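> Chain A is fixed; fit chain B onto it per the hints.
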Amino acid sequence: MTDSKYFTTTKKGEIFELKAELNSDKKEKKKEAVKKVIASMTVGKDVSALFPDVVNCMQTDNLELKKLVYLYLMNYAKSQPDMAIMAVNTFVKDCEDPNPLIRALAVRTMGCIRVDKITEYLCEPLRKCLKDEDPYVRKTAAVCVAKLHDINAQLVEDQGFLDTLKDLISDSNPMVVANAVAALSEIAESHPNSNLLDLNPQTINKLLTALNECTEWGQIFILDCLANYTPRDDRESQSICERVTPRLSHANSAVVLSAVKVLMKFMEMLPKDLDYYGTLLKKLAPPLVTLLSAEPELQYVALRNINLIVQKRPEILKHEMKVFFVKYNDPIYVKLEKLDIMIRLASQANIAQVLAELKEYATEVDVDFVRKAVRAIGRCAIKVEQSAERCVSTLLDLIQTKVNYVVQEAIVVIKDIFRKYPNKYESVIATLCENLDSLDEPEARAAMIWIVGEYAERIDNADELLESFLEGFHDESTQVQLQLLTAIVKLFLKKPTETQELVQQVLSLATQDSDNPDLRDRGYIYWRLLSTDPVAAKEVVLAEKPLISEETDLIEPTLLDELICHIGTLASVYHKPPSAFVEGSRGVQHKRLPARAGSGESAESPEVGQSGTSEAPPAVIPSQGDLLGDLLNLDLAPATTTVPSVQPSMQMGAMDLLGGGLDSLLGGDIGGSPSMGAALGAPAAMPAALSNAPAVGGGLGDLFDLGGGVGMPTGFYVAPKTLFLPAMKAKGLEISGTFARRGGIIQMDLSLTNKAMSVMTDFAIQFNRNSFGLAPAGPLQVLTPLTPNQTIDVSLPLGTTGPVMKMEPLNNLQVAVKNNIDVFYFSCQYPLSLLFVEDGKMERQVFLATWKDIPNDNEAQFQIKDVHLNSDAASNKLQGSNIFTIAKRTVDAQDMLYQSIKLTNGIWVLAEMRVQTGNPNYTLSIKCRAPEVSQFVYQCYELVLKN
Amino acid sequence: MIHSLFLINNVGDLFLEKHWKSVISRSVCDYFFEAREKAGEPDNVPPVIRTPHHYLINIYRDKIFFVSVIQTEVPPLFVIEFLHRVAETFQDYFGECSETTIKENMVIVYELLEEMLDNGFPLATESNILKELIRPPNILRTMVNTITGSSNVGETLPTGQLSTIPWRRAGVKYTNNEAYFDVVEEIDAILDKSGTTVFAEIQGVIDACVKLSGMPDLTLSFMNPRLLDDVSFHPCVRYKRWESERVISFIPPDGNFQLMSYHISAQNLVAIPVYVKQNISFFESGSSGRLDITVSPKQTMGKVVECVVVTIHMPKVVLSASLNATQGTYKYDPLTKILVWDIGKLNPQNTQKQPNLKGSLSLQSGAPKPEENPSLNIDLKIQQLAISGLKVNRLDMYGEKYKPFKGVKYVTKAGKFQVRT
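Chains A and B supply the protein sequences, listed in that same order. Under this note's numbering, the first sequence has 930 at position 930, and the numbering climbs by one with no breaks. Every number in this note's numbering is 1000 more than the matching position in the second sequence, counting from 1.
Okay, chain A solo, but in the shape it has when bound:
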């Protein structure tokens, strides 16, 4: 400590003086001296030298003196562990004091002395205090367990304190309950899997009772603890919500926000048509609004959380737009948050108001805020289509102000508006070009260059403009360089005659004079494209771009759901899952919103949300090596003829397979400039066009080479026999069975048991017409009579050439069995994998073509949960059931398996299975011309992978 040196050298006298006073006989003098010591301590001076003298003052009846000494001890015991032992006796004695205040004080202070040797002595007094008759002592002791755990976790577990602490949750005093919960929560944080807070309906009930009676802080602990509970059903959920709702009117904003968390989470379980659901939604708005009238720091945290709530349930605050209007003396951090929420709440109904406000903000003093306000106008234009025109004219007004940073921001957002509404507002380009010289920020320059390149044919002097940028090419940031390269190539393709020199210049700058890999690679790709096949180049570079999405800054749904479970915490302030940043949280558990009751609403559940968002292929290529191969292949294998079936007009959606790898290949995203590709769209659009430029076909080969690398298949999975026909229904004949496919032959394995009193003979079997024409290929081989209590196993070979009739469900099979007694009927269901034929491995090219050929509507997506296999083992297993992996691609710790299946009736089923390392849930996309089979194929996957 720097201060201490200063202290001991120049004020040496003071320490001596204090020492003398501390050893004085007069009580009063002693106390004053200790006070002086404490005062020095509080300002950070080192008075540890006085340790023995201060400890000597500890044995006193004067409570104030005692407290002061304790204060001192807590601060310095760590630095003088041996001396601290001196204090132990007094602590132990104080723990027996008749005055509960002193007992509590002693146990509290002991816990704060972070010296290992002392903790041993602490155990016995602590055990007593945990069972003290006075609740004040108990509640203090509860916290002490947490302190001790922090110092020596093993000791706490060995001494059984955790169990005692758990017992305190049922204490009669609400304050003790609250503190026990707080202590357990803190301990649990360092032991994520310890299941310390084992919540069940009984404890929940106790907590809810204590909730009404404990202090505001206790309420926060209890509410946060409640939020971790998952109710059994919607009724329990509702009853908890009802008991938590009054907390929304608490004066303490932390209580309010914790209550909001509990409600937001449990609400997830309530059926939406329930009256109570609507009531609850209405009740949530006023307390959230009230939080905004608190101190600015509270407002900030509230706003960050409201930002999440608005994304999850926009209906709660949709009428409260005005409370987010910015006041000029709000702190900047509040202003920025309010602005963000205003955009989220913007809709056609209130857009006029919002725009008027934003325009007002754009003239404020604070530069950051003004910038964000300008951006917000752009976001409004993209979000609310009806307002686009007004937004554009507002932006033009702002550009006219010529305020440098306003102009730059405006240009950046106008670029986005062009992307959203192509061919609508290009009339403003002239105005934008006027401001070219004032742009000095990379993002604005890049945006302007993009606009010039994109609309080169409408800008007469586009070549001059771009050329002017080219002069200082090497001084530009990568973002601008990449953009300039693309823009000039676009210009060249549009006006080839005049700009040949320019394009050569930029290509050579990018490929030869630059050492930025992104730039170089993009340069080479353009170069090759242009030299190999200018027509293809045109299709690639000038491809029609997909419209940009309305809300680019929304939090990803799974993360949002997790954050909703963390409302009120630091995670919610940073909008990151706790695992991403909290130090010392060893393996934080991911929290999830509970699923709503009733499967009808499962579309809301997070799992489905996740699969919905993961549809877009991850845009990272497998490895640098592949890239090089691909690049070389461009020239070596101009496979113009290999994939003739691919149509140029293909949609992005069909391109999952190819898109992933190529995206990045061309987008220049390899080295880490992800923002650009996405923001400017041109690269994103390329794969669509590229895939029909078959020049890359060779490169694609790599992708599929892996297909052969799958290991030895395991056999067909045969489910255990299930009961088909109970004895009761068949006069004593019991039939159970299963289906198998062995060496290309379908077999029905049956066990016939005679549970009647008489012998059975003359067995025969017949099938009703069924979906795939299954029929017995031979007689039922029961050669000997079946005596009572005898079981016989038979295998019945089946053919697939019988009469066909579509069944409901598709794999239903109606069977009639006859014996000497009667004819019995039953129906059973066979796994579809029975019909997967051995030659179901499709050619890769055919696969590609077929995948694209099948309309997107036929694609079905499924989640296979809890499979603990890696992709190779899985594909191995699947192959045993004639599900063939023809290609595997690894992207970003995610394996994509492309698989084909052929049914006995010639139907092809194509599948894409995504396996993420460490994630037991697979995503399966199935495409088939007969989409009704998808569901059953999925069941086969489930069956095979899980057994």
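Derived by calculation from the structure, the hints in this document are not laboratory data. The structure presented is a predicted model; accordingly, all values stated were derived computationally and were not measured.
Partial chain A-side listing against chain B, Cβ under 8 Å, derived:
| id | residue |
| --- | --- |
| 1 | V43 |
| 2 | G44 |
| 3 | R108 |
| 4 | A146 |
| 5 | A182 |
| 6 | W217 |
| 7 | S253 |
| 8 | E295 |
| 9 | E364 |
| 10 | V365 |
| 11 | V573 |
| 12 | P578 |
Note that CB positions come from ideal geometry on N, CA and C, so glycine has one too.
Chain B only, in chain A's frame:
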């Protein structure tokens, strides 16, 4: 939970530190100083600052930064609320919360902090309980203490600490039993150039000063409780009775406390008491500008509007103002660029001569015309009126025999009341 607390004044001196767990070096505050520097104005320091190993959650109050250090996931609101509570406790104990008073009472401050938090968990934050544990300083007691040798630390467990009504201590006795309630409403509003209301709401609080002996059980009812749909109560209020009967039933804490706060956002209910006509313009050439502001009473329910003050943050280039006020006085501070016009009372009768401030502004020569428009901040006060129309109907006391003295006062003030130009 809360690990440590540092108090830092507005020039950046760290003058108090308190650790509830292990000691954290004060060098952690460097991250705060960095953020402080970046923010410019002290108000703009972000409340949550991330450092490699800790989080700093801070509030800025009474020119002091209360910077708390936390290490694990803690609800930030919890910390912020607690810090405000600390500031309020200092205010309560020492009359004001300032660096000087804190330094003067360093030991009591330390004792208080120790009592308020244990291992980062709040322990006793109710003023009543704290005062039983640690008596507030006063001259008389210091004298008595020095003579008798007694201390200012309570020797027994505070009674309220564990009861289900922790906010009240037992055995309260007064010779004059009295209960006063102040209904205070603040108007938050934004008016645009033309005087149209862009946004308006009322933040109301009911402050109570209750000095009643024993365990009184009070019930407060309103003439028009329907006005209140968004309320926050002191923990003493029985929420169930409010839900079912719309009355406020409670056993009050002893002394001063805030009984409830409420929020009225329906704009049609918010009357705007003054009308402001203003015109501030800067000329392209000549480095000058003009200012003309007239303030007149609007919806005042027949009451006099008092203490009217108009504050304007001028753009940086405004050097001086040469103005003429028909009522009140004006002052322009060229350093802070703040123009304050103290008008005083607005007379509702005299509609002919409304207070007016008019004149010219001189700008820094050669500087470009300011881009931003200065906003006007209005302060005002109306006695004996709650602008929302809220009225207390009656106050009943149960549980005690004596007859208390009761009173209700109303006042309306401007909160964040802004007029855009």
